[in-house]
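Novice: Below, each chain spelled out in residue letters.
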Amino acid sequence: MKYFHLIWAALFRRKTRTILTLVSIIAAFLLFGMLDAVRTSFNQAGQSANGAQRLQTGSKLSFIQTLPQSLEAQIQQVPGVKMVTYANWFGGAYQDPHNQVFSFAVEPNYIDLYPEIDVSAAERKAFDDTRTGILVGEKLAKRFNWKVGDKIPLQSTIFPNRQGSKNWTFDVVGILHSKDKKAGGFFDQMLLLHWKYFDETTPFNRGQVGWYVTRVTDVNQADRVAKAIDALSANSDHETRTQTEQAATANWMKQLADIGLIVGSIMGAVFFTLLLLSGNTMMQAVRERTSELAVLKTIGFSNRSVLGIVLAESVLLLVLGGVIGLGFAALIVPAVSAGSGGMLNLPSVGANSWILGLVLMIAIGLLVGALPALRAMRLNIVDALAGR
Amino acid sequence: MMKFLINLLLLLLIVAVLVAWIVLPWQGAVLLAVLFAAWLFITRRGRQTLSVASVGISTLGQRLGSSAVIVIGIAGVVGVLVALLAMGEGYAETLRKTGSADTAIVMRGSSASEVMSVLDHDSVTLIPQAPGIARDAKGQPIASPELVVAANLPLKGGTADDEGSVQLRGVSDQAWAVRPNVKIIEGRNFQPGMRELIVGKGATKQFAGLEPGHVIRLGNQQWTVVGVFSSGDAMDSEVWGDASVVADTYRRGSSRASVTVKLTDPKAYDAFKASLDGNPQLKVDVSTTIDYFNKQSEGMTKVIRIMGITVGLIMAIGAMFGALNTMFAAVAARAREIATLRAIGFRGLPVVVAVMLETMLLALVGGVIGGVLAWLIFNGYSASTLAAGTVGKLSFELRVSPALLWTGLKWALAIGFIGGIYPAMRAARLPVTTALREL
Numbered sequence: 001m002k003y004f005h006l007i008w009a010a011l012f013r014r015k016t017r018t019i020l021t022l023v024s025i026i027a028a029f030l031l032f033g034m035l036d037a038v039r040t041s042f043n044q045a046g047q048s049a050n051g052a053q054r055l056q057t058g059s060k061l062s063f064i065q066t067l068p069q070s071l072e073a074q075i076q077q078v079p080g081v082k083m084v085t086y087a088n089w090f091g092g093a094y095q096d097p098h099n100q101v102f103s104f105a106v107e108p109n110y111i112d113l114y115p116e117i118d119v120s121a122a123e124r125k126a127f128d129d130t131r132t133g134i135l136v137g138e139k140l141a142k143r144f145n146w147k148v149g150d151k152i153p154l155q156s157t158i159f160p161n162r163q164g165s166k167n168w169t170f171d172v173v174g175i176l177h178s179k180d181k182k183a184g185g186f187f188d189q190m191l192l193l194h195w196k197y198f199d200e201t202t203p204f205n206r207g208q209v210g211w212y213v214t215r216v217t218d219v220n221q222a223d224r225v226a227k228a229i230d231a232l233s234a235n236s237d238h239e240t241r242t243q244t245e246q247a248a249t250a251n252w253m254k255q256l257a258d259i260g261l262i263v264g265s266i267m268g269a270v271f272f273t274l275l276l277l278s279g280n281t282m283m284q285a286v287r288e289r290t291s292e293l294a295v296l297k298t299i300g301f302s303n304r305s306v307l308g309i310v311l312a313e314s315v316l317l318l319v320l321g322g323v324i325g326l327g328f329a330a331l332i333v334p335a336v337s338a339g340s341g342g343m344l345n346l347p348s349v350g351a352n353s354w355i356l357g358l359v360l361m362i363a364i365g366l367l368v369g370a371l372p373a374l375r376a377m378r379l380n381i382v383d384a385l386a387g388r
Numbered sequence: 001m002m003k004f005l006i007n008l009l010l011l012l013l014i015v016a017v018l019v020a021w022i023v024l025p026w027q028g029a030v031l032l033a034v035l036f037a038a039w040l041f042i043t044r045r046g047r048q049t050l051s052v053a054s055v056g057i058s059t060l061g062q063r064l065g066s067s068a069v070i071v072i073g074i075a076g077v078v079g080v081l082v083a084l085l086a087m088g089e090g091y092a093e094t095l096r097k098t099g100s101a102d103t104a105i106v107m108r109g110s111s112a113s114e115v116m117s118v119l120d121h122d123s124v125t126l127i128p129q130a131p132g133i134a135r136d137a138k139g140q141p142i143a144s145p146e147l148v149v150a151a152n153l154p155l156k157g158g159t160a161d162d163e164g165s166v167q168l169r170g171v172s173d174q175a176w177a178v179r180p181n182v183k184i185i186e187g188r189n190f191q192p193g194m195r196e197l198i199v200g201k202g203a204t205k206q207f208a209g210l211e212p213g214h215v216i217r218l219g220n221q222q223w224t225v226v227g228v229f230s231s232g233d234a235m236d237s238e239v240w241g242d243a244s245v246v247a248d249t250y251r252r253g254s255s256r257a258s259v260t261v262k263l264t265d266p267k268a269y270d271a272f273k274a275s276l277d278g279n280p281q282l283k284v285d286v287s288t289t290i291d292y293f294n295k296q297s298e299g300m301t302k303v304i305r306i307m308g309i310t311v312g313l314i315m316a317i318g319a320m321f322g323a324l325n326t327m328f329a330a331v332a333a334r335a336r337e338i339a340t341l342r343a344i345g346f347r348g349l350p351v352v353v354a355v356m357l358e359t360m361l362l363a364l365v366g367g368v369i370g371g372v373l374a375w376l377i378f379n380g381y382s383a384s385t386l387a388a389g390t391v392g393k394l395s396f397e398l399r400v401s402p403a404l405l406w407t408g409l410k411w412a413l414a415i416g417f418i419g420g421i422y423p424a425m426r427a428a429r430l431p432v433t434t435a436l437r438e439l
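Chains A and B are the protein sequences, given in the same order. Just so we're aligned, residue 1 is where the first sequence starts under the UniProt record's numbering, counting upward by one. Just so we're aligned, residue 1 is where the second sequence starts under the UniProt record's numbering, counting upward by one.
Check before you lean on any hint, since a few could be wrong.
To be verified - Partner residues are not named here, just some residues of chain B that face chain A (Cβ under 7 Å, in silico):
1) Val80
2) Met116
3) Asn152
4) Leu436
I should point out that these hints are in silico values taken from the structure, not numbers from a laboratory. Ideal placement from N, C-alpha and C gives every residue a C-beta, glycine not left out.
Working from the sequences, and respecting the hints, build out all of it.
Specialist: Laid out in structure tokens, this is it:
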């Protein structure tokens with residue numbers, strides 16, 4: 001540390017070059033931060049303690065197939081089940097069939113199973129009391145500029161009402177807030193309506209539910225409970241498939257795209273380029289300073305400390321650029337999420353990304369510094385001073 | 001103050017050149033190259049430039065390490081950009097090929113996609129009576145009522161519990177007439193009324209156990225896979241069975257999701273649509289299949305494009321500064337040489353253009369390498385995603401088209417341009433006396 005001023009001075013010996021290299025490194029780590037946020041958001045989906053406690057029961061045939069409502073009472077009887085609720089796709093769209101909204105018709109106790117969702121007591125009561133009431137996620141409400149008290153028309157892309165029209169009208173009675181803003185769940189982008197109202201209004205549902213959500217009393221019993229639930233309808237015409245919410249989401253994400261591979265190959269390309277750029281800069285810097293390094297050695301710096309100084313310089317360069325780059329990413333990622341109007345929902349650059357980033361910075365710094373540092377260490381004083 | 005103004009002007013000039021460059025079609029670029037070559041070989045200044053540049057280019061070998069930085073940096077940018085754009089292109093292309101202008105799809109009103117649509121038995125019989133539908137040899141209208149459901153199947157390479165969703169389509173004989181590009185490539189077609197399936201070529205790659213002869217479980221029933229079909233479009237990701245058997249299994253009664261019809265010709269569409277819209281017994285939406293599939297791919301293609309350009313842009317900034325760095329170093333190393341040239345009478349312009357030429361050449365090499373690499377690795381690479389509007393995995397192939405390669409080259413040259421211009425200006429502006437003294 002006592003040589004810090006020396007290293008710092010050496011780093012900014014050629015200001016233009018150092019700054020240009022820094023910008024390259026900043027760009028690389030900005031990209032790293034953004035891609036890592038995407039990767040984490042895919043990995044994190046459903047990975048909460050609550051997600052492990054909830055089981056999803058859907059039709060074994062396919063996720064669009066419905067199940068009889070009578071199953072609820074049976075699931076309730078399964079030992080280890082704390083609470084059970086059900087929901088249906090509503091297929092809501094606002095103004096245009098392509099403007100889809102995550103909308104579910106749910107039993108009123110649905111919210112009780114999701115402690116991550118925050119609704120004020122008054123709004124909850126209003127929802128329970130209003131047949132045509134809906135609860136709207138915070139971000140969704142912002143996207144379409146809906147307020148409590150508004151009457152909003154919603155098309156269903158699946159279900160017509162009793163008049164055969166697909167235009168439904170609902171009253172916004174409350175706003176859903178996501179308790180953990182960073183979790184990146186879609187709770188603040190969904191819309192909940194009453195299952196009972198939905199079932200009575202559309203002639204096509206006839207007491208069918210889309211899927212059940214069960215909360216278990218003990219997480220360790222989840223597997224056993226899941227098997228017991230599936231056993232209820234084994235060999236019937238509505239066989240079920242029960243998974244923890246975590247497993248279901250992970251499975252879903254895996255089908256969406258092989259994100260890991262894409263993100264990985266981009267990062268590979270970026271870091272290879274980066275390695276080359278900063279390696280080249282370090283080589284230049286050491287070559288230029290040959291005589292200075294020789295002077296250092298002449299006045300008594302050991303070979304090892306010269307090696308250390310050059311290595312430290314390259315690590316410092318990488319860390320400096322990397323921290324600024326990741327810092328930018330931390331600023332930009334939430335802005336992108338906000339700007340996309342709820343289309344993208346990325347978690348901000350988390351502690352894990354920072355740690356991984358720092359490890360990479362130091363590793364790359366050592367790697368690109370290694371060759372020039374060895375050169376500096378092996379420098380022959382006489383030759384170097386003579387400019388040979 | 002003067003210097004600041006000049007720099008500002010230079011910046012504005014660069015922005016203007018870049019904007020013009022982005023909108024320039026390839027013919028324009030060729031014209032530009034020809035004009036530039038003519039200037040190089042015919043005018044005095046041009047010939048001077050050529051001789052300065054040839055010195056720089058011939059010494060490139062000695063600066064292999066630092067020149068490689070430009071080439072590889074730009075190759076990286078171009079490679080990643082082209083690969084990402086190829087993904088969007090391949091996805092859109094697969095859906096685009098699925099539709100055609102002379103077939104139309106009829107779904108229940110305001111259904112965003114086939115899987116959300118339900119047409120009752122009456123509608124299914126009414127629709128083929130509309131005018132404008134082509135007829136087969138027997139005089140029957142070519143209209144295919146189809147049923148689309150999501151089926152869960154085990155994924156290839158996953159554990160027994162790893163299930164994915166595949167789009168299962170219940171069809172009748174007419175499905176082949178409305179989609180002439182679908183061909184059985186292995187095994188045979190299913191027999192009507194039997195629990196038999198034929199599977200798309202893409203689906204066989206995604207899901208386990210889809211070889212002809214295998215028995216798979218859909219729900220609590222056993223189905224036999226009897227054939228593999230290929231169509232080269234989105235249908236490749238589907239599994240087909242007899243419509244009435246599928247409807248039985250999935251408790252759909254006599255309803256269907258959509259009716260696809262073959263029109264006598266694309267112009268018959270308006271009459272066909274008008275007739276269905278005007279029929280009070282029907283509440284349906286009609287669109288040509290090409291419109292339908294284009295609309296389905298719109299959102300996803302846009303997301304992939306934006307992602308590709310954002311990533312490309314950030315990488316380009318990184319590579320650009322790398323190029324700047326290298327060229328500044330190259331100019332500094334050759335400061336004496338350049339100063340000598342200027343001392344013996346070479347003007348500023350040839351020096352500027354020569355340095356630019358050198359950088360652009362390196363950038364071009366990088367762009368070509370990046371494009372070729374992206375083409376070698378990613379052209380035809382199959383990827384899959386849950387597509388919007390369907391309920392199954394859609395497999396598609398990345399497509400590195402000539403247009404994309406051209407985009408990549410354009411980016412490479414733009415990066416080279418910016419990376420070269422500042423060092424070039426510096427080389428030209430440095431006072432001769434200072435430069436001659438420089439070590």
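Novice: Are the hints correct? Go through all of them and say.
Specialist: Hints, verified against the model:
1. Val80: holds, 5 Å
2. Met116: Since the shortest Cβ distance to chain A is 5 Å, the answer is holds.
3. Asn152: holds, 6 Å
4. Leu436: violated, 19 Å
Hint 4 alone, counting from the list given before, is not met by this structure.
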